[in-house]
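*Asks:* As a plain string of letters, each chain reads:
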Amino acid sequence: MSSRPQRSSYIWGIFARPGRLKWLLAALPFLISIFTYTFFSAKRHEANPSEKLMPSWSQMVKRTTELATVPNKRTGKLVFWDDTWSSVIRIAKGVGLATLVSVMLALFIGVFPAGHALGQNFTNTISFIPPVAILPILLVAIGVGEASKIGLIFIGTFPLMTRDLTLYVKGLPREQIIKTMTLGASQWQLIWKVIFPQMIPRIIETIRLSIGAGWIFLIVAEGISSSEGLGYRIFQARRYMAMDTIIPYVIWITLLAFIADTILRLVIHFFYPWYRANKS
Amino acid sequence: MNILHFQDVDKAYPTPNGDDFLVLDNIDLTIKKGEFCTLVGPSGCGKSTLLKLILGQEQATQGTLTIRDNIAGNPDSTRGIVYQRYSLYPNKTVLENVLAGPFFKIPFWKKDERAEVKAYALELLEKVKLGEHTAKYPHELSGGMQQRVAIIQALITKPEILLMDEPFGALDPGTREFMQTLLLELWEEYNLTILFVTHDLEEACYLGTRLLVLSQYYSDDRGEDFQRGAKFVVDQQLHRGALSTHVKEKPDFNKLVESIREQGFNPKYLQHVKEFDLNHPDSWSTLSLEEHNS
Numbered sequence: 000m001s002s003r004p005q006r007s008s009y010i011w012g013i014f015a016r017p018g019r020l021k022w023l024l025a026a027l028p029f030l031i032s033i034f035t036y037t038f039f040s041a042k043r044h045e046a047n048p049s050e051k052l053m054p055s056w057s058q059m060v061k062r063t064t065e066l067a068t069v070p071n072k073r074t075g076k077l078v079f080w081d082d083t084w085s086s087v088i089r090i091a092k093g094v095g096l097a098t099l100v101s102v103m104l105a106l107f108i109g110v111f112p113a114g115h116a117l118g119q120n121f122t123n124t125i126s127f128i129p130p131v132a133i134l135p136i137l138l139v140a141i142g143v144g145e146a147s148k149i150g151l152i153f154i155g156t157f158p159l160m161t162r163d164l165t166l167y168v169k170g171l172p173r174e175q176i177i178k179t180m181t182l183g184a185s186q187w188q189l190i191w192k193v194i195f196p197q198m199i200p201r202i203i204e205t206i207r208l209s210i211g212a213g214w215i216f217l218i219v220a221e222g223i224s225s226s227e228g229l230g231y232r233i234f235q236a237r238r239y240m241a242m243d244t245i246i247p248y249v250i251w252i253t254l255l256a257f258i259a260d261t262i263l264r265l266v267i268h269f270f271y272p273w274y275r276a277n278k279s
Numbered sequence: 000m001n002i003l004h005f006q007d008v009d010k011a012y013p014t015p016n017g018d019d020f021l022v023l024d025n026i027d028l029t030i031k032k033g034e035f036c037t038l039v040g041p042s043g044c045g046k047s048t049l050l051k052l053i054l055g056q057e058q059a060t061q062g063t064l065t066i067r068d069n070i071a072g073n074p075d076s077t078r079g080i081v082y083q084r085y086s087l088y089p090n091k092t093v094l095e096n097v098l099a100g101p102f103f104k105i106p107f108w109k110k111d112e113r114a115e116v117k118a119y120a121l122e123l124l125e126k127v128k129l130g131e132h133t134a135k136y137p138h139e140l141s142g143g144m145q146q147r148v149a150i151i152q153a154l155i156t157k158p159e160i161l162l163m164d165e166p167f168g169a170l171d172p173g174t175r176e177f178m179q180t181l182l183l184e185l186w187e188e189y190n191l192t193i194l195f196v197t198h199d200l201e202e203a204c205y206l207g208t209r210l211l212v213l214s215q216y217y218s219d220d221r222g223e224d225f226q227r228g229a230k231f232v233v234d235q236q237l238h239r240g241a242l243s244t245h246v247k248e249k250p251d252f253n254k255l256v257e258s259i260r261e262q263g264f265n266p267k268y269l270q271h272v273k274e275f276d277l278n279h280p281d282s283w284s285t286l287s288l289e290e291h292n293s
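Chains A and B, in that order, give the protein sequences.
In terms of numbering that gives the first Met the number 0, the first sequence opens at residue 0 and continues consecutively.
In terms of numbering that gives the first Met the number 0, the second sequence opens at residue 0 and continues consecutively.
To be clear, the hints were calculated from the coordinates, so they are not data collected in a lab.
Be a bit skeptical, because a hint or two may be false.
Mimicking PhoX-like on lysine-lysine, the simulated pairs with C-alpha atoms at most 20 Å apart in a straight line are [unchecked claim]:
1) A/Lys-192 to B/Lys-117
2) A/Lys-192 to B/Lys-109
3) A/Lys-61 to A/Lys-76
4) B/Lys-157 to B/Lys-32
5) B/Lys-117 to B/Lys-157
6) B/Lys-104 to B/Lys-117
7) B/Lys-110 to B/Lys-128
8) B/Lys-135 to B/Lys-117
9) B/Lys-135 to A/Lys-278
10) B/Lys-31 to A/Lys-192
11) A/Lys-61 to A/Lys-51
12) A/Lys-72 to A/Lys-61
13) B/Lys-110 to A/Lys-192
14) A/Lys-169 to A/Lys-192
15) B/Lys-32 to B/Lys-104
If we take Cβ atoms under 7 Å as the criterion, some of the chain A residues that face chain B in the derived model are [as the list claims (entries may be wrong)]:
16) Gly-170
17) Pro-172
18) Met-180
19) Leu-182
20) Gln-186
21) Thr-253
We put the beta carbon where it would ideally sit given N, CA and C, even for glycine.
Build the full structure now, drawing on both the sequences and the hints.
*Replies:* In structure tokens form, the structure reads like this:
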């Protein structure tokens, strides 16, 4: 009697081995979402040909193509790309500034005992302030221009980045720091030649996590005071119930966030192999 | 020539209830150039504290500690250290790790000097059989290889004294013996002065030219209830013949190990301070009046 080796289930239980099936499983939620939307959109269009709430895919493509290729009559700009550029630059500036400040603070607090005493409690306290709550203060204090939008992104992201990076610096083995000094390093060299290079992949990872928060604050700030930007456009389109603009913009923002995240992840993967190896 | 000199050194740590807990108790020690000192002692006796004092990571509560007649300050390149773990920079390759020390001192525009040191580093790596692994990162190396890099990394800056804190403690027995003979070769060739902390008595007796036992199990005239810190209870010269690890199987060697185990590690075996086995030529110790008033 021939016996077949026992094979664990493809799908069920904690010992399942989905194999190639996992690609199908990964695609399934996406397919279901798209199908559900398409189904209900079509149904509503049947009932009411001037339906605006759930535009069809073709309507959205048409509208987006217009925004991306036909210059605006008043400003002469390609609205879609102009919005994208403005928003991306704002996030880059806001998160960039937050990165710069949090790296400095993390080194200061993480390396120097006096820096810890001076800065630890203060930055922790700052991180409890809900950033959106101080948006009015920013608007009053520095006006409705670019600075307040970048400022909100900065304030929204830097406290957590600082906390994360400080923890990382403090987590470096004490032995390594003592060893560095016995190898003849100056304190300056310890920071810039030993600690900072080891921080870089963590900085990239912190940026990855902060970009998500950056988008939230960007959209809030643009919704309140702006004349262009992806967030601004969404809030403006809401006034006309222009779902054929809002939905593609949301998808576009999601895609941009995904692209940025993937790039940063790949940078760590290819340029800092030691980082992943030492994490486990 | 004296490299390291302790005089009447006490180290106490504050405890939560406000008292001080004495770890090292009136320590005297002189280490001469070229000595290979091994330091053993029961756990909690203060071996690590002693190392931290020498490194400058901790400060003595009392007494003076000098390296080449200079008061030992914050950690600097007069002392080298090899730890059991975390010794290497994870973000640097083997060669970069070894060059870290010299390159702190040689600015990047002095290309010739840097090239010279690099050649020397490669030579050293070749010597410890890492010639083929110079471009690897520490996480790609075995434990023994990592420790070989760490040793080269520390000795390339030519410290006055090389401190080693259980450097082979995490290695399997075979690798360990290989590392022991390798270390002895390096010690001989580069005339190193080493203080080697271990909890393995056999290792201590095999490697050292001088064996130090630090222990809190002893008696003196300060009364029964006195909370004593650790002292050196044994300070012996060891005679080493061949580098072969076969000596470990000889009866004399085992007798030595057993007698040290009794003197240093048995909590019930309390020698009086005046009867310690301190027969090494460099050994000395001054006792306070309270310690031997009889």
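*Asks:* Confirm or reject each hint.
*Replies:* Do the hints match the structure? See the list:
1. With a C-alpha separation of about 18 Å, the suggested pairing of A/Lys-192 with B/Lys-117 holds against the 20 Å cut-off.
2. Proximity of A/Lys-192 to B/Lys-109 is assessed by CA-CA distance (about 18 Å); at most 20 Å being required, the pair is judged to hold.
3. Between A/Lys-61 and A/Lys-76 the CA atoms are separated by roughly 18 Å; this keeps the pair inside 20 Å, and the hint holds.
4. Of the supplied pair hints, the one linking B/Lys-157 and B/Lys-32 holds, its CA atoms being roughly 13 Å apart against a limit of 20 Å.
5. Distance check on the hinted pair: B/Lys-117 and B/Lys-157 sit about 15 Å apart at the alpha-carbon level, within 20 Å; holds.
6. Taking the CA atoms of B/Lys-104 and B/Lys-117, the gap is about 13 Å. The hint holds against a cut of 20 Å.
7. This hinted pair does not check out: B/Lys-110 and B/Lys-128 have alpha carbons roughly 27 Å apart, beyond 20 Å.
8. Of the pairs offered as hints, the one joining B/Lys-135 and B/Lys-117 holds, with about 16 Å between alpha carbons and a cut-off of 20 Å not exceeded.
9. Proposed proximity of B/Lys-135 and A/Lys-278 is supported: the alpha carbons are some 18 Å apart, at most 20 Å.
10. Of the pairs offered as hints, the one joining B/Lys-31 and A/Lys-192 is violated, with about 34 Å between alpha carbons and a cut-off of 20 Å exceeded.
11. Taking the CA atoms of A/Lys-61 and A/Lys-51, the gap is about 14 Å. The hint holds against a cut of 20 Å.
12. Distance check on the hinted pair: A/Lys-72 and A/Lys-61 sit about 18 Å apart at the alpha-carbon level, within 20 Å; holds.
13. Between B/Lys-110 and A/Lys-192, the direct Cα distance comes to roughly 18 Å. Compliance with the 20 Å bound is thereby established for this hinted pair.
14. Of the supplied pair hints, the one linking A/Lys-169 and A/Lys-192 holds, its CA atoms being roughly 16 Å apart against a limit of 20 Å.
15. As the CA atoms of B/Lys-32 and B/Lys-104 are separated by approximately 24 Å, the hinted pair breaks the 20 Å bound.
16. This hint is violated: A/Gly-170 has a C-beta 11 Å from the nearest C-beta of chain B, more than the 7 Å allowed.
17. The interface hint given for A/Pro-172 holds, since its Cβ lies 4 Å from the closest Cβ of chain B, which is under the 7 Å cut-off.
18. For the restraint placing A/Met-180 at the interface with chain B, the shortest Cβ-Cβ distance is roughly 4 Å, inside the 7 Å limit, so the hint holds.
19. The interface hint given for A/Leu-182 holds, since its Cβ lies 4 Å from the closest Cβ of chain B, which is under the 7 Å cut-off.
20. Here the hint on A/Gln-186 is broken, as its CB sits about 10 Å from the closest CB of chain B, past 7 Å.
21. At about 33 Å, the closest approach between the beta carbon of A/Thr-253 and any beta carbon in chain B exceeds 7 Å, and the interface hint on this residue is violated.
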